[in-house]
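Residue numbers (my numbering), protein chains in the order written: chain A, 1 to 156; chain B, 1 to 319.
It should be emphasised that the hints constitute simulated quantities derived from the structure, not laboratory data.
It is possible that part of the hints are untrue.
Claimed, not checked - Distance windows between CB atoms, simulated: (1) HIS268(B) - SER80(A): 24 to 32 Å; (2) ARG150(A) - ALA124(B): 18 to 26 Å; (3) VAL96(B) - PHE16(A): 39 to 47 Å.
To be verified - Restricting the straight-line Cα-Cα distance to at most 27 Å, the calculated cross-link-like pairs of lysine-lysine (DSSO-like) are: (4) LYS131(B) - LYS133(A); (5) LYS86(A) - LYS61(A); (6) LYS30(B) - LYS131(B); (7) LYS121(B) - LYS30(B); (8) LYS121(B) - LYS131(B); (9) LYS86(A) - LYS239(B).
Unchecked claim - Residues of chain A placed beyond 12 Å of chain B at every Cβ, according to the derived structure: (10) THR26; (11) LEU46; (12) THR54; (13) GLN62; (14) ALA72; (15) PHE73; (16) ARG74; (17) GLN95; (18) ALA120; (19) LEU122; (20) GLN127; (21) GLN132; (22) LYS133; (23) ARG134; (24) GLY143.
Glycine included, each C-beta is placed from N, C-alpha and C at the ideal position.
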Amino acid sequence: MKRILDLFRRSPNVHFGPLEQQLLSTLWTRGSATVREIVDDGEIKLAYTTVMTTLDRLFKKQILNRVAEGRAFRYSPRYSQTELEKAAVGETIRQLLGSNAGAASLPLSYLVEAVSEHDAGLLDDLQRLLDQKRRELRSEIRGDHRSGDRRSKETQ
Amino acid sequence: MFAARCIGVSLAVFVLLYVFLSLLVSQGWKLMRRTLRPSSARGAADLLFTLRVLPLGLSVFVTLAFTLPSFLLLEPRSTGEAIGTASSALGLCCLVLLGAGVARAVFAQLRASRALVGWLKGSALMERHIKESGNAVPIFRIGNDAPTLTVAGLCAPKVLVSEAAIAALTSPELRTALRHEIAHAIHYDNLRKLLFRFSLFPAMAELEHAWSEETEMAADDAAVSSFHDALDLAAALIKMSRLGPVESSGELTMALLHSSTALSARVHRLVAWNQAQKPQSRGRWFYVLPTAAAMIIAAVTTYGSVLSQMHAVTEWLVR
């Protein structure tokens, strides 16, 4: 985790374009692949050279590892999806906190607001679930009472 | 010189064993939990607690039962041998480790006692609730500038309920919430937390967090004896989390709410409560006693040879 955070800190402009994201997600699914394998797979409809250039760019950004395989390279992700996402979120928050106090307070207040809203939403959901269970319990008890009354009338 | 060597060697063995066992536990506790699969939250909490304090307990035991006697009985007192670089460096590490542990525990206890004194100012004993609970754990009604519902105190834990909690909860909700807190008090969970503070090792945070969550679920189980109770406790959890931020209750306390992430899991667990799932207390002594007896017999019969082996190890250390 620390390694990825260092990577983000060293090069703050580590962003992933849509194509890079698509190729990364393919590599996370497959584990490793050569350019030929990705192109032949048919899931990504791109030219061989485009895939090759994009994978090379990701390697230079230190997001992928590569080993020579014949005349080509086999690429594999250096970090898992979770690790990379965690690091990206961590870096965003670090940048928010790292900027001067006045500038940081506004985005941070939005963040706090969003978290509070999420918490309130979660509590509302839990309350709804609880109310539903209470209703079910009440109707069960009522049903038991009714069947009990019916049985006692029948015996009378 | 003999006494200094004896202390140096004992501390060195202690620190080596402590670090080795701590590393083992910090890396292997998840595997142990998966393998043993305790049948109840209480069982899981007890297992995690045992694993957490195992390095300290076992290191102290080996040092006092084997290292120290082996040195005292088998080391000739007349030799003018020096302490040795390895054992003095390790002994120093041990002293630093123990000192840091003591300091952490003492400061945590001081902060907790100071907070408790403040919270108890103007408090009132809730005698009716104590009688209802059928336990000797004191329950105090406190002001609103304190945690809403928590257990504080180490050797004589007290349950603290704020005015806000009393106003927000219905009678059955308050009753189950109090039973939850009383379960923490009965199991001396704050004292266990203090032991964690003393038993210092950096990679144990995740294990301690898992213990906290299991302990909360175990206290939920102890508080609930019917589906009605389960729904009341779930309602109390939701109401308390609306009252104030989670984890503001201070050090060495056990609040009703441990963390916001655990809240959802606990409420879902409570609304799915089933009488059949209620953990049955099993006679633990049934298998603990024979194991302990077998271990004692084995230790007594092999004590002499273990002492001489231990002495060989310590000889290597002082060289």
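To see whether the hints hold, each was checked on the structure:
1. HIS268(B) - SER80(A): 24 to 32 Å: Taking Cβ atoms as reference, HIS268(B) and SER80(A) lie about 28 Å apart, which means the hint holds.
2. ARG150(A) - ALA124(B): 18 to 26 Å: 50 Å, violated
3. VAL96(B) - PHE16(A): 39 to 47 Å: 45 Å, holds
4. LYS131(B) - LYS133(A): 31 Å, violated
5. LYS86(A) - LYS61(A): Holds, at about 17 Å.
6. LYS30(B) - LYS131(B): Cα-Cα ~41 Å, so violated.
7. LYS121(B) - LYS30(B): 43 Å, violated
8. LYS121(B) - LYS131(B): Judged against 27 Å, a Cα distance of about 23 Å means the pair holds.
9. LYS86(A) - LYS239(B): Status violated; Cα separation ~31 Å.
10. THR26: 31 Å, holds
11. LEU46: 40 Å, holds
12. THR54: 37 Å, holds
13. GLN62: 27 Å, holds
14. ALA72: At roughly 38 Å from the nearest Cβ of chain B, ALA72(A) sits farther out than 12 Å, so the non-interface label holds.
15. PHE73: Holds, since 35 Å exceeds 12 Å.
16. ARG74: 31 Å, holds
17. GLN95: 25 Å, holds
18. ALA120: 8 Å, violated
19. LEU122: 6 Å, violated
20. GLN127: 6 Å, violated
21. GLN132: 8 Å, violated
22. LYS133: 5 Å, violated
23. ARG134: Non-interface label on ARG134(A) violated, nearest chain B Cβ at 6 Å vs cutoff 12 Å.
24. GLY143: 15 Å, holds
In terms of the numbered hints stated before, the structure departs from hints 2, 4, 6, 7, 9, 18, 19, 20, 21, 22 and 23, listed from lowest to highest.
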